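Engineer: Taken in sequence, the protein lines are chains L and H. Quick note: the first sequence uses my numbering, first residue 1, plus one each step. Quick note: the second sequence uses my numbering, first residue 367, plus one each step.
A couple of the hints might just be wrong.
Said to hold, decoys possible - Computed list of lysine to aspartate or glutamate pairs in EDC-like fashion (alpha-carbon distance at most 20 Å, straight line):
#: 1; chain 1: H; residue 1: Lys467; chain 2: L; residue 2: Glu82
#: 2; chain 1: H; residue 1: Lys658; chain 2: L; residue 2: Glu242
#: 3; chain 1: H; residue 1: Lys404; chain 2: H; residue 2: Glu391
#: 4; chain 1: L; residue 1: Lys119; chain 2: H; residue 2: Glu648
None of these hints come from the bench; they were simulated from the model. Values in this document were obtained by computation on a predicted structure and should not be read as measured data.
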Amino acid sequence: MEKFSFLSNKEFRKLVEGLTGSFTVYGTVRKDARLSAAGDGFPAYGRISCFEDLVLGLTPTHLSAKEFLFPQRETLLKFDIEKMTHAAVVEAVDQVIIGLHPCDIHAVGLMDRVFAYGKPDVNYLARRAKTVIIGTDCMPDRFCFCKSVDTMNVDAGFDIFLHRVKGVEPPQGAGPPQNGFLVRTATDRGKTILSKYAKAKKASLKQLDEIAAFEKKREDSFTAHIDAPAGQLPEIYSKSDESPVWERIGAICYGCGSCNNVCPTCYCFDVKDEMKSNLNEGERVRVWDGCTLEDFAKVTGGHNFRRTRSDRLRHRFNRKFNYLTGRFGALFCVGCGRCSRTCLVQINISEVTNELIREYNAKKRQ
Amino acid sequence: MNSYGNTMPKSGSSSSYLPVPLLIERVARLTEKERLFKLSANGRAFTFDPGQFFMAGLPGYGEAPFSIASGSGKAAEADGSFELCIKAVGNLTNAIHRLKKGDTLWVRGPFGRGFDVNGSSPLRGMKGRDILFIAGGIGIVPMRGLIKTILGDRESFGALTLVYGFKDPEGILFAGEMEDWKASGMAALLTVDKPAPGLSPLKGWKGHVGVVTTVIPGLEINPSKTVAVIIGPPVMYRFAIKSLWDKNIARDDIYLSLERRMKCGVGKCGHCQIGGIYACQEGPVFKLSELKDMPDAL
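Next up, chain L with everything else stripped away, as it sits in the complex (with noise of 0.2 Å):
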């Protein structure tokens, strides 16, 4: 098990505090105490400045780190109306996210894959290679599946992945148990980075018997899950079509776009101009746009592609299960959970989809 080695929470605060002095770092924290049940606030992704900003969470964020990536608001490029031009803008930092959980590393995976097919997509390319992917472990909430669409586990798509682990080596003289992580890495860029910033030690044996146990704590943990293989997923869907569940979820949905924004995988944007005050120069943007929004498939004359909110849904959770798992090759539902999560109406994208897999089962025996 040479992949592991063992990291301190002295180490670990070295390796951030080193980042922060270098990169632009984002990674989650807790937001909005006061307005929290429990009061410790939500979890979210905020800008880290130095170390205690850091909360490294059990369950996901509310949004995804996708706005680093594909920020909500992007400049594509600007132009003088009195000169003429026109000047591609490629804005990208060198910048680390912190506290990725194993299903935002895969959502990050497959934007990679949208940009970057057909005509790549240099702003999202630029920004990406410059980015520092540091990935934690976690414990799903009842809202989590990634264990039914195999994105529990990663192996790839990060630089460092940290696992946490309670002190079982204890520190010279007295003193508390020491905790600490489980470092492996998965790029030359990860590994570079880990020893410039902090020393790690041998992972003992002990300490891998413990992630080992937590990993398997965790498997046993999920009460949200999907009741068909995920290979088999496309094909019910696509089958779907005329289920009675667009229907009456269509019935109760806002359609308020939140589903869109909190997804990791949800990539569709609008492209409009800002002009200055002066009405002279300006700039082409894009911004974040929603499946689910009444305006996304309407053409001039009026004509809505998608005018109920029932056909909206259905394209959205097709595009999640069906529609581009043909183009890039994988499901682009992560299974984190976040629409069902922010959902005003409680739609809940595992339970939806176990509908029409009984739907789909039942339709086959008759």
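The hints should help you fit chain H onto chain L, whose structure is shown.
Structural biologist: Okay, now just chain H, sitting in the frame of chain L:
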């Protein structure tokens, strides 16, 4: 700043969003709403198939997709210039209508899969066939590109018939050119939904009245020899397809160009997605047989 062996995109990979300036050589007013803009290629070698589109825009107003109205192949302009027909309906298109000869329009493209009249794509199979063109309203614009391309190689095709309809006589596009097309060996049947629009009655309309699908039943069609092409407003497709099925034309012999909202033109923004396909990449031209089991295709 740090740079741990990561690489910027290879040189040569460029922004998908940078438009090129094209000089407007001519503006022709076709109707109150539609103008035809002839764009100089400015030394660029644009090659396109009929049915493809450009993203055209103006800084401050944004961009939108516009079908190419010009022919290609033997019908292509020697200097590479081409035409876009633009209907004034919103901020961008009204701003474009204010442009004059010598002004600049910013374009990206051409994009998408058009009608591959001569080539070897899955859409081949038009040569040697009778072709029935069915166009509604502004659908005549991309159809014009296809018709000009086919008339440029007239002897390679069988009987050509155009059925085209407009809301009212004032909206008829390319009426003058139609006479040239007829002289080149294409039958053309024109119809209008209403002989007189509300405010300015145009008297003396003696032509056919009714939507385009009312013309199709009366046509003599040899289904085994015919390829039908439909381009029109979204509402037209289902009815036109049904009337072609009544004539026993196979799904494989029905071609459609589908209109969709588009923001990027490069298969990313998601707006033009129909099932597993992007209209801006795999389309906008499809065979009907390719659109099977796509609930929101038509």
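Engineer: So if I understand the rule, the pair passes when the alpha-carbon distance is 20 Å or less; does lysine 404(H) with glutamate 391(H) pass?
Structural biologist: Holds, because 5 Å separates the two Cα atoms, which is no more than 20 Å.
Engineer: Between the alpha carbons of lysine 467(H) and glutamate 82(L), is the straight-line distance 20 Å or under?
Structural biologist: Judged against 20 Å, a Cα distance of about 18 Å means the pair holds.
Engineer: For the pair supplied as a hint, lysine 658(H) and glutamate 242(L), confirm whether the alpha-carbon distance does not exceed 20 Å.
Structural biologist: holds (14 Å)
Engineer: Can you confirm whether the C-alpha distance between lysine 119(L) and glutamate 648(H) stays at or below 20 Å?
Structural biologist: holds (14 Å)
Violated hints for the displayed structure: none, as all numbered hints are satisfied.
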